[in-house]
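**Student:** This is what each chain is made of:
There are 2 protein chains.
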Amino acid sequence: MATADLLEALRGTVGAAHVLTSGDLTAWELDWRRRWHGRALAVVRPGSTAEVAAVVRTCAEARVALVPQGGNTGLVGGGVPDASGTQVLLSLQRMNRIRALDEANLTLTAEAGCVLQALQTAARDRGLLLPLSMASEGSCTIGGNLATNAGGTQVLRWGNARELCLGLEVVTAAGEVWDGLSGLRKDNTGYDLRNLMIGSEGTLGIITAATLKLAPVPAATTTALAACDDLAQCVALLKLARGRLGAGLTGFEVMGRFALDLVARHFPALPQPLPAAPWTVLLEQSDTEGEVQARDRLESMLGAALEAGVIGDAVVAESLAQSHALWHLRESIPLAQAEEGLNVKHDISLPVSAIPAFVIDTDASLRRHFPGVRLVNFGHLGDGNLHYNVQAPEGVPGKEFLAEHEDTINTLVFDALVPYGGSFSAEHGIGVLKRDELARRKSPVALQMMRGIKGALDPLGILNPERVL
Amino acid sequence: MATADLLEALRGTVGAAHVLTSGDLTAWELDWRRRWHGRALAVVRPGSTAEVAAVVRTCAEARVALVPQGGNTGLVGGGVPDASGTQVLLSLQRMNRIRALDEANLTLTAEAGCVLQALQTAARDRGLLLPLSMASEGSCTIGGNLATNAGGTQVLRWGNARELCLGLEVVTAAGEVWDGLSGLRKDNTGYDLRNLMIGSEGTLGIITAATLKLAPVPAATTTALAACDDLAQCVALLKLARGRLGAGLTGFEVMGRFALDLVARHFPALPQPLPAAPWTVLLEQSDTEGEVQARDRLESMLGAALEAGVIGDAVVAESLAQSHALWHLRESIPLAQAEEGLNVKHDISLPVSAIPAFVIDTDASLRRHFPGVRLVNFGHLGDGNLHYNVQAPEGVPGKEFLAEHEDTINTLVFDALVPYGGSFSAEHGIGVLKRDELARRKSPVALQMMRGIKGALDPLGILNPERVL
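Protein chains in written order, with numbering that gives the first Met the number 0: chain A, 0 to 468; chain G, 0 to 468.
Check the hints yourself; a few may be wrong.
With the Cβ distance kept under 8 Å, some of the chain G side facing chain A (calculated, not the full set) [as the list claims (entries may be wrong)]:
#1 Ala103
#2 Asn104
#3 Thr108
#4 Trp177
#5 Thr188
#6 Gly302
#7 Ala303
#8 Glu306
#9 Lys441
#10 Ser442
#11 Val444
#12 Ala455
Simulated from the structure, these hints should not be mistaken for lab results. For clarity, every value in this text was computed on a predicted model and none was experimentally measured. The beta-carbon is built from N, C-alpha and C at its ideal position, and this holds for glycine as well.
My request is simple: use the sequences and hints to build the entire structure.
**Tutor:** This is the structure:
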């Protein structure tokens, strides 16, 4: 099929206004961190599942590859076209209808292009919680969240996007529609296609809608900071908090001293209510019981931790505003880091029990190889997920440091994960960025199964090619 | 390869004592409900993952099919050989080592043949909970639990077996070992092979070990009964209980009047503390807070339900013994039913919101078609999972009734699920029993994807053939 015929067919399907081939297409061709700038054969914006299916059939016939895209907030280059100008960018943003909200079943069914925040709001308007939350929630879409199995700040209690999804509607590589939009909590009828699609980054099918789990909005949320001497104490605190607060423990974030020092340096107006400690933990408790009881429980747990010598100091937020300020501190770390200069970022995970030893050993090893290197370590300790970032020595320009050492540092950190069974991509996925790493580090048996599945579900290789695999 | 050579090779791999071809093999060839009696070419009992892999390679070379089996407690005939005498029964029972228990990471790594109860005990000995529990726990194995994605009584809070599994070790159809025994809560490196294997009933790979999630043992557990006039009230009570108790709500079972009448008839010694009501709900609350607070919370929720007219009466267990007696009532329903005679059993699921209408309509339809028919309805309402069973009219022998009407009744019930998006197999799986039903009722697009995956991962078709697909 000639390109002109393909474009004509696509215009016939979705309307000429929704097939973009000229003008400024950077909103779709450039990722938001400006690391990958591709060029699309066309940006196609279908408005319905039937249109998505028809677009896929047309592209399959023409053997033209499709790159599905939601809010374009991915961190690994999985949602922008390559530079060849031969790939169709399939934007799902026009598919933004909420199809159903079932209060008794605690489910929300929404199209892939719905912005996460819009879904959170729709749930909250009915007194319900969609417990998926992350920095990009104002622009990321639920389709992208599911295609990448996004994590975020509520994983400790609620799991990743995967754990919140009960059903999917998917357009296959053949342009057929699989209606798997089940609102069932139990369904053992065949292979788990839903979870296979989730996290496959658009390489096995195109998610067009999903049914998500909701929960009642918690009655009270309380936040606290606690100071620890080392990560072993942080792990001990986590154990104590889990035992005492159970499912009420909804946040457990750890922040290394240097990470908070950077915040103090670049955002001096932000209050840091605890004296500087080697490690500071941010705890959040959300519960269905009342404010007073919830607060009592958190304070009594922290009292027990103090007595047991697990923490050196602690402070509990006195108001919602103070709670927000504590979270703001945590969320300012990436910004403070950016102010300080470029750095090598890692999104790694380990068994929680392995984290203290991993960090001690890997810190030492990095310092040996790169004298003066500065380690910005923070993350979701409760999930075993660290943002273990490496900053150039004081006074050394980040750009030069990265150009020279980024690959070596990555290899050192990723190699150090192996004995602990850690992962080099905890929540951001593979995309383009970590494709070589996956080929190098994933078990060959697993890779072979993955390739077999890809071949079976996308025999022409038209769905997001050269991503993941 | 001649059969004699195959057996010789298998004996060389696992030892002659573990290749059984004669004597009484009914422990492996007959399922425990005595519905399927197959004949195996041999019962092979490997003692390690390497031996499982070698057995699979030998069988693959000989093009001989393998039927993996754990505790042989399945309900759909998926774990016994067919009658041909050509299939190797691969028993995983000798693989019963606990490989690791990581308290700080809250994980347990165990081999497939470990009996569920042994794992529960191992966890509890360390003050931890493995929150998977079902009637067969004294003999079912964790490998079988995962291969069938077993449900049970703790799904409301903890999910099915799937939700409790972080990592798997699997022997592929080519006899290779995939070491996916991760203890990570977050790992976005490629397709979700773990969940694909879970619930695939041994048709895509043989699970040899798993890493499971643990939780702290709850400090207090309280149980209550509540009486409702109709299922709409039960659903309203569920909503109220979820809002007030949050994750503390760990059980919500519903029992129809006729189900409890059967218990009264056949087990008159069992106390039924509430007067007979159209529907009785069994609630369980487990929490990390103390006994007194937990009880207060449950009682205050029930008080609110009484005031709102959602329930007519309620009783809270005064002791652990009373709690057990209430659960015993619930667990006696299947036994009372068996005493009453054969019946048509259904393991169905629906969106919780659809259950009242489904039951009213389907009850009426069954009564119209089969005057005098008796409906035994009970199940995990919180999970949308009903055991919706159909008993012959009073005085009509169950055997004759089933012979004449079982197929018609199944069709009527399964057809009634369709408009509500329900499932004809909520937790028991497909196996042999529901294979035709799956072919008939599953979306053709989903079936095609499933067949593609089966072909990719087991191209010779030697893993549990003619099960599921």
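**Student:** Mind checking the CB of Gly302 of chain G against every CB in chain A and telling me if the closest is under 8 Å?
**Tutor:** Violated, about 15 Å.
**Student:** Classify the hint on Ala455 of chain G as holds or violated, based on whether any CB of chain A lies nearer than 8 Å to its CB.
**Tutor:** 4 Å, holds
**Student:** Next item in the hint list is Trp177 of chain G. Is there a CB on chain A closer than 8 Å to its CB?
**Tutor:** Holds - the Cβ of Trp177 of chain G comes within 8 Å of chain A, reaching about 4 Å at its closest.
**Student:** Holds or violated: Val444 of chain G as interface residue toward chain A, Cβ cutoff 8 Å?
**Tutor:** 4 Å, holds
**Student:** Have a go at the Asn104 of chain G hint: is there a Cβ in chain A nearer than 8 Å to its own Cβ?
**Tutor:** Where the cut-off is 8 Å and the nearest Cβ of chain A is about 4 Å from Asn104 of chain G, the hint holds.
**Student:** With chain A as the partner, please determine if Ala103 of chain G meets the hint condition of a C-beta pair closer than 8 Å.
**Tutor:** 4 Å, holds
**Student:** Would you check whether Ala303 of chain G satisfies its interface hint, that is, whether its CB is within less than 8 Å of any CB in chain A?
**Tutor:** Violated, because the Cβ-Cβ distance from Ala303 of chain G to chain A comes to roughly 13 Å (cut-off 8 Å).
**Student:** Under 8 Å is the threshold here; is the Cβ of Lys441 of chain G close enough to any Cβ of chain A for the hint to stand?
**Tutor:** 6 Å, holds
**Student:** Quick one, is the Ser442 of chain G hint okay against chain A at 8 Å, beta carbons?
**Tutor:** 6 Å, holds
**Student:** Hint check: is the beta carbon of Glu306 of chain G less than 8 Å from a beta carbon of chain A?
**Tutor:** This interface hint is violated because 18 Å lies over the 8 Å limit.
**Student:** Are Thr108 of chain G and chain A close enough, Cβ to Cβ, to be under 8 Å, as the hint says?
**Tutor:** 10 Å, violated
**Student:** Regarding the hint that Thr188 of chain G lies at the interface with chain A, is the smallest CB-CB distance below 8 Å?
**Tutor:** 5 Å, holds
Going down the numbered hints, you'll see the structure goes against 3, 6, 7, 8, while the others check out.
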